[in-house]
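Line by line, the protein sequences are chains A and B.
Heads up: the first sequence is residues 1 to 233, going by this note's numbering.
Heads up: the second sequence is residues 1 to 248, going by this note's numbering.
Errors might be hidden in some of the hints.
Unchecked claim - DSS-like mimics (lysine-lysine), calculated; alpha carbons at most 25 angstroms apart, straight line:
#, chain 1, residue 1, chain 2, residue 2
1, B, K112, A, K139
2, A, K139, A, K151
3, A, K144, B, K61
Unchecked claim - If you want the footprint, here are the derived chain B segments under chain A, 3+ residues with CB under 8 angstroms:
#, stretch
4, 44-58
5, 63-76
6, 86-92
Note that these hints are calculated values from the structure, not bench results.
The structure presented is a predicted model; accordingly, all values stated were derived computationally and were not measured.
Cβ coordinates follow ideal geometry from the N, Cα and C atoms, glycine included.
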Amino acid sequence: MGGNLYTRRMEEAYSTIFRQCVSLNTELHKLVPLAKQMHLLSSNAVSSAARAGSEGDAFRVLTQDIQLLGDDVSACIDDTQSIIDEIVRLASNLARLFSNYIIYINLKTRLEDDRSAHSLATKTTFFDGGQRLVAEEIKDNNHKMSRSLNKLTLLLSPISALVKKGEYLAVCSSVEAASAGEHGVSFEAVSSMLRELVGQLGEQSSRQKALLRDLSDSIDQQQQNQGKLFYAR
Amino acid sequence: MRVEQLYKKNAHSWMVMGRDAERREEVIDTNHYLVQNNGRGLLLDPGGVENFSVVAAEFSKHFELANVEAIFASHQDPDVISSLPLWIQANPDLIVYMPKIWVSFITHFGVKLENIRPIPDEGGTITLGGHDLEVIPAHYMHSSGNLSVYDPQSKILFSGDIGAALLPDDSTDLFVENFEEHTQYMEYFHRRWMPSNTAKARWIAEVRKRDVEMLCPQHGAIFKGENVARFLSWLENLDVGSAWSGVR
Numbered sequence: 001m002g003g004n005l006y007t008r009r010m011e012e013a014y015s016t017i018f019r020q021c022v023s024l025n026t027e028l029h030k031l032v033p034l035a036k037q038m039h040l041l042s043s044n045a046v047s048s049a050a051r052a053g054s055e056g057d058a059f060r061v062l063t064q065d066i067q068l069l070g071d072d073v074s075a076c077i078d079d080t081q082s083i084i085d086e087i088v089r090l091a092s093n094l095a096r097l098f099s100n101y102i103i104y105i106n107l108k109t110r111l112e113d114d115r116s117a118h119s120l121a122t123k124t125t126f127f128d129g130g131q132r133l134v135a136e137e138i139k140d141n142n143h144k145m146s147r148s149l150n151k152l153t154l155l156l157s158p159i160s161a162l163v164k165k166g167e168y169l170a171v172c173s174s175v176e177a178a179s180a181g182e183h184g185v186s187f188e189a190v191s192s193m194l195r196e197l198v199g200q201l202g203e204q205s206s207r208q209k210a211l212l213r214d215l216s217d218s219i220d221q222q223q224q225n226q227g228k229l230f231y232a233r
Numbered sequence: 001m002r003v004e005q006l007y008k009k010n011a012h013s014w015m016v017m018g019r020d021a022e023r024r025e026e027v028i029d030t031n032h033y034l035v036q037n038n039g040r041g042l043l044l045d046p047g048g049v050e051n052f053s054v055v056a057a058e059f060s061k062h063f064e065l066a067n068v069e070a071i072f073a074s075h076q077d078p079d080v081i082s083s084l085p086l087w088i089q090a091n092p093d094l095i096v097y098m099p100k101i102w103v104s105f106i107t108h109f110g111v112k113l114e115n116i117r118p119i120p121d122e123g124g125t126i127t128l129g130g131h132d133l134e135v136i137p138a139h140y141m142h143s144s145g146n147l148s149v150y151d152p153q154s155k156i157l158f159s160g161d162i163g164a165a166l167l168p169d170d171s172t173d174l175f176v177e178n179f180e181e182h183t184q185y186m187e188y189f190h191r192r193w194m195p196s197n198t199a200k201a202r203w204i205a206e207v208r209k210r211d212v213e214m215l216c217p218q219h220g221a222i223f224k225g226e227n228v229a230r231f232l233s234w235l236e237n238l239d240v241g242s243a244w245s246g247v248r
């Protein structure tokens, strides 16, 4: 298989990877308002528990759990922002570096064609160093990208468990609110808001998992093509 | 792409490359200059990423590019210098002279500070193989940090965008043949891209202090002999910064 085919495949792969990184970045940013809403909800839960007076003891325990849930979601999100920023930067670097790699290939083809027609004052090997440097930077950026993706996957992995915990808390809150009768009316509102937020978190989590999976597949594919291209040359 | 020698005496020479017929239609045509002295090379405004392979391949026919020790960027535009990372990847020891105020902008192309030699607003000197080239301030002509290079030996002035012309695609002349006819390709460019009559007058006064045999712009044809003085007079009488009707 010729180098040109791998070149075309890699060009497509880099553009796909960059688009996927930008989509993942957008999805991850959507988690920030969700975490804020969870914190707001825990404040509402505190007031609801206070309004329920002595009937609100169970609410107070649930309120603490809602607060902890909000903290756990925030903790997951805080670190993901810097990592996804790094991933987008690496994807952008890779696209630029690959473009430079293609330019060197183009230049060397020109020089080889010219060498048959003219004598060249510059040794064709002069540009080998540049091309090699770019190839090394591509490999280095690829390794960094894989490492950052793994980190991101690890950071986001607790979200599924948090969604389950949130669903369980929403059910418990609803049950406690119902058994508290009129004292539990405002806590029922907290419970239904929690259910909604957790539902949104679950949807986000699924979308992110799918995006992460696609991105990892694209990177694996691109790394295979890269190996073949560098080997073909 | 046309390559011509503009000057050669002993171990000192100037070469120009321009009229890239292969370039994409939407990419402005650019001139690139290679100064050689005692086997050392200096590239002036080496161009954009778009034409790096053409420029490198053409100059490779005439000079050992491993001996290019420096690049000069008259200003920060992509058609002037966006190929810089590629040149530096090929030769990591390359020195890059540029207007000081653009250093933190040009580093966005991925260039490291260790390669950069900022030139202060007052201008300065570039020494190439023991020969001094004079760097003349040309700020606001058109970029706010803009420099010209004068070579006292060859009497060549590299003027960057000053003297530039947007020539028709079928134009192949490297030198201005009919000055009056040529002004139609320069007028809009200078009225639109040069913002200050004060800066213009100052630059013209600086250039007139020197004996200029050739005035070499980054776009369009080169002014030679009497056309240099004609160009300076034409520019002197042109109201620059006036191409947009919204300007009061």
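Evaluated hints:
1. The suggested pairing of K112(B) with K139(A) holds, with an alpha-carbon distance near 20 angstroms, which does not exceed 25 angstroms.
2. Taken as a hint, the K139(A) and K151(A) pair is honoured in the structure, with Cα atoms around 19 angstroms apart against an allowance of 25 angstroms.
3. At roughly 39 angstroms between alpha-carbon atoms, K144(A) and K61(B) are farther apart than 25 angstroms, so this suggested pair is violated.
4. Look at the stretch 44-58 of chain B against chain A: 6 of its residues bring a Cβ nearer than 8 angstroms to a Cβ of that chain, three or more, so the hint holds.
5. Only residues whose C-beta sits within less than 8 angstroms of a C-beta in chain A count toward coverage, and the stretch 63-76 of chain B has 4 of them, enough to reach three; the restraint holds.
6. Under a criterion of three residues with beta carbons nearer than 8 angstroms to beta carbons of chain A, the stated coverage of the stretch 86-92 of chain B is upheld, 5 such residues being counted.
In summary, the one numbered hint that this structure violates is 3.
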